[in-house]
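Novice: Each protein sequence line maps, in turn, to chains C and P.
Numbering (our numbering) for the first sequence: 780 to 890.
Numbering (our numbering) for the second sequence: 3 to 452.
Source of the hints: derived by calculation from the structure; they are not laboratory data.
No false leads were slipped in.
Partial selection, computed: residues in chain P whose CB lies under 8 Å from chain C:
1) 44
2) 226
3) 274
4) 275
5) 322
6) 374
7) 389
8) 391
9) 392
10) 431
11) 432
Here the structure is a predicted model, which is why all the values come from computation and not from measurement.
Where is the CB? At the ideal position from N, CA and C, for every residue including glycine.
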Amino acid sequence: MSLRVYDVGHARAGDKGNTSNISVTAYNDEGWQVLQRELTPERVLAHFRHLTPGPVRRYELPQLRALNFVIENALGGGVTRSLAIDPHGKSLSALMLTIDLPGHNEGRPAS
Amino acid sequence: MARDRIRIGCGAGFSDDRIPPGVEIVERGELDYLAMECLAERTIARETLDRAKDPSKGYTPVLLERMEAIMPPALRRGVKIVTNMGAANPMGAARVLRQHAPGWGCPDYTCAVVRGDEVTDIMRAHPELPLMEDGAPLESLLPRMASANAYLGADIVAQGFATGAELVITGRVADPALFLGPMLHAFGWSYDDYPKLANGTLAGHLLECSGQLTGGCFADPGRKEVEDLAGLGYPLADVWADGRVEVSKTPGSGGRLDVATCTEQLLYEMHDPSAYITPDCVLDASGVTFRQLEKDRVALDGARGKPRTATYKVVVGYFDGYMGSGEMGFAGINALARAKLGIEVVKERLRRRGLTYEEMRVDLIGMNSLHGNDAGLCPEPYEVRLRIAARTPDKKAAEAVGAEVRSLHMQGPTGAGGGVNFGARQILAVKSVLIPRDWVKPEIVMERAQ
Chain C
780 MSLRVYDVGH
790 ARAGDKGNTS
800 NISVTAYNDE
810 GWQVLQRELT
820 PERVLAHFRH
830 LTPGPVRRYE
840 LPQLRALNFV
850 IENALGGGVT
860 RSLAIDPHGK
870 SLSALMLTID
880 LPGHNEGRPA
890 S
Chain P
3 MARDRIRIGC
13 GAGFSDDRIP
23 PGVEIVERGE
33 LDYLAMECLA
43 ERTIARETLD
53 RAKDPSKGYT
63 PVLLERMEAI
73 MPPALRRGVK
83 IVTNMGAANP
93 MGAARVLRQH
103 APGWGCPDYT
113 CAVVRGDEVT
123 DIMRAHPELP
133 LMEDGAPLES
143 LLPRMASANA
153 YLGADIVAQG
163 FATGAELVIT
173 GRVADPALFL
183 GPMLHAFGWS
193 YDDYPKLANG
203 TLAGHLLECS
213 GQLTGGCFAD
223 PGRKEVEDLA
233 GLGYPLADVW
243 ADGRVEVSKT
253 PGSGGRLDVA
263 TCTEQLLYEM
273 HDPSAYITPD
283 CVLDASGVTF
293 RQLEKDRVAL
303 DGARGKPRTA
313 TYKVVVGYFD
323 GYMGSGEMGF
333 AGINALARAK
343 LGIEVVKERL
353 RRRGLTYEEM
363 RVDLIGMNSL
373 HGNDAGLCPE
383 PYEVRLRIAA
393 RTPDKKAAEA
403 VGAEVRSLHM
413 QGPTGAGGGV
423 NFGARQILAV
433 KSVLIPRDWV
443 KPEIVMERAQ
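Extracted from the complex, chain P is given alone in its bound form:
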């Protein structure tokens, strides 16, 4: 299909992202495609566990709520959707949508499912693979492995749309590839046309965190103002067949999109700007420039593309014990000293119970919890909140942390208020390995009405 220009919007930048701006960009954005990125690095490990308990589960928990709001207006307006909300079970996601969509007024649509990102068997067969973080062999994690997924590229997303599907559901796909995929499909770009792949990847990188391009994560009152931050609109990209890209946002929405917001988001989670590695290309963003064309519209220039690497990156999720935590507040005269006494009491009670921890962290919220300041140098605040968190392989020991903190209400220093026990949370940590591309077999499977 020969299109000269397509418009791709972002409808979500993380799994629990706000839904109303996603509906708004579908209703008012005059989009051709909507991409929704909902799969953080470790989220898929949790969904893999959900699937182990119930084979019909394992997709992003907010899938139905989000799609009930998004699908009806999108299908009505001819906006095609791609999302990684399939998580650990893309086919399961497609099936549950098919059950519910008729009730939302969407009886007829075609859905393509991307499979092949899950590589746990390959990990088990290759314990010798070195971990990217520390070079240690993968073997040490295998007994505790919860999930392993390769970051697939835009080529398989484009194949999904090539079936004629209105909806493409994926598991693990590189975030920018959710945006580059529709471009490859709509324009028929060669998968070796690196200048175009670079532009599309840059656009995807800028859009994938939704409101972070349009004034989110930016406002500093009196310094950097954002108009109607409450009504923040999500971003969209106009992409031309020759690879040109302009970014903008939902017409009439709040927020701000200019050279400053684009610059901050360009470097967000980027290390060496000359080598941003994706499955599709190595983006060289070191010469990128932004041109403000009009209010809330910016042209992107200067992206360069280098050939993609011979490997896929795999993120391995593994169990790493439990974290327990709790908080308690103190205010007024001598608040800090009472908080410090509370900390010592909790530590001593845990010690007398014979409980030990791999690591324990103590924070004084209001003084040092975010920047790790030396509390001795901070001015003493009127109120302070103690927080204790600890990691241990023993779930009961983890539960004891928050319980002892909350007990300070009755058995701690005077005037302890607002205690919370956050309980024990199972830790799913992640590490990465690289594997040769030909070990992975991405495929498209059509989900059909039963």
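Isolated chain C (complex conformation):
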């Protein structure tokens, strides 16, 4: 069984111009280790490649178990002129959570 970002973390998307930023926060330390190791900017760009040529930058906030991804050129030309139904890309946090990661059960929150 593969692991999805959804299984180990939660996300929120924001917008500035034609750039989307999406944070991913792990539920626990194990999940943080998985995210820090596996959720690389390259993997994120591969998953968003149909929306943008990139680049994608990643910032780490280990004390919050959070990653912040800055994904340029992802909003159809920018919030104000995009033809997209979701010009702010608010729903893109949910796209981030669908990324598959190598791994099994580590980091899933106890439910």
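Please arrange chain P on chain C, whose structure you already have, making use of the hints.
Specialist: Then chain P, alone, in the frame of chain C:
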């Protein structure tokens, strides 16, 4: 005035934000100040156009409705208000409030107006300024410019309160500055005390989107639960004179405020966490931590401040043609194929009319409209909704898009239902430039009863 602690609440996080939680936080939050952020990046361009048609207009359209609900309880309880609902006409906002406030039971109050954010003349005088987005000279936008406003800082908001005003109305001010301004005023912090400016800016950044700190934009049933999301309360910050900050929310309200919601909102619309640039300081949030003190109360630690930059950021609004769009639904057997036929029919009809577009976008709602999935890989849904949107400088060509989509009701594939023509909307796009601080002259003007 030597205060040891003040409490600042957020009463709105965007222009059409829900009003009842704003009233609730005034009534039950035991606030000293209420800040309401109601001015998105491009909104001010639209208000500038409104003002061009009617010089008394140009403030946020929902101003009166919101203030009729907020001002009476706020003034009764001694809660001071700051808001950027002045938009393109802060003095106009102040005047129209003065006309209506007595009818709301608010005959006596003092109102300070912040002016000086509008810099269209400066833009015209400096066509050489490079655009932040692509480095091209500003000149290319000037013929189409609708507005230009500098993001002012907390210093001018504090000056507004220093007049003794109960109400400070601004145009463009950086969102966190609406919260930092009352702190500067109440505690007399030096404008160069960067550790304190950083804490206040962090608090403002967390609060400025109202319910997004308190469980909005968060719930995922079965995964991340939010208690009484329907009754979501707005956030407040307790700030001490030494710069300490704790955030909480309206007592007894719904929602959730904890380390997880604070972490999501910390990074909301933030790029490099070590350099969040505001007019007041450069916030380094890379070491921020959150401590849950009790249910729905979190302490903020670890914010660092670096000196503010030598520039103000200016957002230039400009006309960028029209967007036309329409939608039509299909369901049942072969729904997807009928939707796809509908798309081809609309495109061909527009082509035969000789209409062309800078850009056209086709979505299959239910399959690929939000994440841009490859529709060929999606399972075929029971129902699907086609959407066509296109941008063009020609208003009539834009209007034709939605009209042709809606015509599919009678002249398209079988079983086309629920058509909508969204018409043509004028596009006001935005780009940014940086200008030296001393080009801008923020000022306080008192609005007085006539």
